[in-house]
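Engineer: Could you build all of it, start to finish, from the sequences and the hints given here?
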Amino acid sequence: RKEVEQDPGPFNVPEGATVAFNCTYSNSASQSFFWYRQDCRKEPKLLMSVYSSGNEDGRFTAQLNRASQYISLLIRDSKLSDSATYLCVVVTGGGNKLTFGTGTQLKVEL
Amino acid sequence: DVKVTQSSRYLVKRTGEKVFLECVQDMDHENMFWYRQDPGLGLRLIYFSYDVKMKEKGDIPEGYSVSREKKERFSLILESASTNQTSMYLCASSLPSSPYNEQFFGPGTRLTVL
Chain S
1 RKEVEQDPGP FNVPEGATVA FNCTYSNSAS QSFFWYRQDC RKEPKLLMSV
51 YSSGNEDGRF TAQLNRASQY ISLLIRDSKL SDSATYLCVV VTGGGNKLTF
101 GTGTQLKVEL
Chain R
111 DVKVTQSSRY LVKRTGEKVF LECVQDMDHE NMFWYRQDPG LGLRLIYFSY
161 DVKMKEKGDI PEGYSVSREK KERFSLILES ASTNQTSMYL CASSLPSSPY
211 NEQFFGPGTR LTVL
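Line by line, the protein sequences are chains S and R. The numbering used here numbers the first residue of the first sequence as 1 and each following residue consecutively. The numbering used here numbers the first residue of the second sequence as 111 and each following residue consecutively.
Since the hints were made in silico from the structure, they are not lab data. Positions of the beta carbon are idealized from the N, C-alpha and C atoms, including for glycine. It cannot be assumed that every hint is accurate.
Stated by the list, open to error - Restraint ranges, calculated between C-beta atoms of paired labels, are given here:
| no. | chain 1 | residue 1 | chain 2 | residue 2 | range |
| --- | --- | --- | --- | --- | --- |
| 1 | R | Phe130 | S | Arg66 | 19 to 29 Å |
| 2 | S | Asp39 | R | Gly150 | 11 to 21 Å |
| 3 | R | Glu132 | S | Thr18 | 35 to 45 Å |
| 4 | S | Arg59 | R | Ser192 | 42 to 52 Å |
| 5 | R | Glu179 | S | Ala67 | 39 to 49 Å |
| 6 | S | Asn27 | R | Ile170 | 11 to 21 Å |
| 7 | S | Asn22 | R | Thr193 | 31 to 41 Å |
| 8 | R | Ser192 | S | Leu80 | 34 to 44 Å |
| 9 | S | Asn27 | R | Lys113 | 38 to 48 Å |
Structural biologist: Shown next as structure tokens:
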């Protein structure tokens, strides 16, 4: 089983829609969780951290479910500019080493 | 603004050549990382370094080595390039985890080995 698993998509949604991605992780000792965003032919950039209590940043909400070992990302009122690949990232062990999921591709259409 | 630069955006090499990929960061970060990114496999960690002259193997170090002689520079070396090393190579840097700091990535080097 992969350490971090994501549905590769693509998720094709109309502008204004709400879309949610899940990501599962296998190591119950994992300590921190993040979502990174990667635009086509660009480098990944941190989108947001995921806290046990949930984390909201504008139209984006990230949540963690430790019991079921998954994290989620909810995007409300999707914009064309949200089109990208969203990478789930899990930190286990010393803290400097990130394990990346393969990413979920989102395409927001007119 | 953190800046991580990589020596080349595109590189084409022949099988058996020695290849050097250079990465430089300007934010005095202690940690530096080399990943490769392949379709369906995501980002996989090759090597990382916590400090000058220190290095640790990542998940897929075979066929690679690294050098960190200066804090701002982290080099990835392919001793004898092979076609299965054709990939996108991404360098990243971060502060020491306190806790678990953001990694900043360079633009990537797309390496093709013929």
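Engineer: Does each hint fit the structure? Answer for all of them.
Structural biologist: Outcome of the hint check:
In this structure, phenylalanine 130(R) and arginine 66(S) break the distance hint of 19 to 29 Å, their C-beta atoms being roughly 43 Å apart. Distance hint check: the CB atoms of aspartate 39(S) and glycine 150(R) are about 19 Å apart, consistent with the given range 11 to 21 Å. With their beta carbons about 43 Å apart, glutamate 132(R) and threonine 18(S) fall inside the hinted range of 35 to 45 Å. Restraint check, arginine 59(S) to serine 192(R): a C-beta distance of roughly 44 Å satisfies the suggested window 42 to 52 Å.
Judged by the Cβ atoms, the range 39 to 49 Å given for glutamate 179(R) and alanine 67(S) holds: they are separated by roughly 47 Å. One distance hint, 11 to 21 Å for the beta-carbon pair asparagine 27(S) and isoleucine 170(R), holds here, with the actual separation near 18 Å. For the pair asparagine 22(S) and threonine 193(R), the beta carbons lie near 35 Å from each other, so the given range of 31 to 41 Å is met. Between serine 192(R) and leucine 80(S) the beta carbons are some 40 Å apart, a value that agrees with the proposed interval 34 to 44 Å.
Checked against the hint of 38 to 48 Å, the pair asparagine 27(S) and lysine 113(R) fails, with Cβ atoms roughly 33 Å apart.
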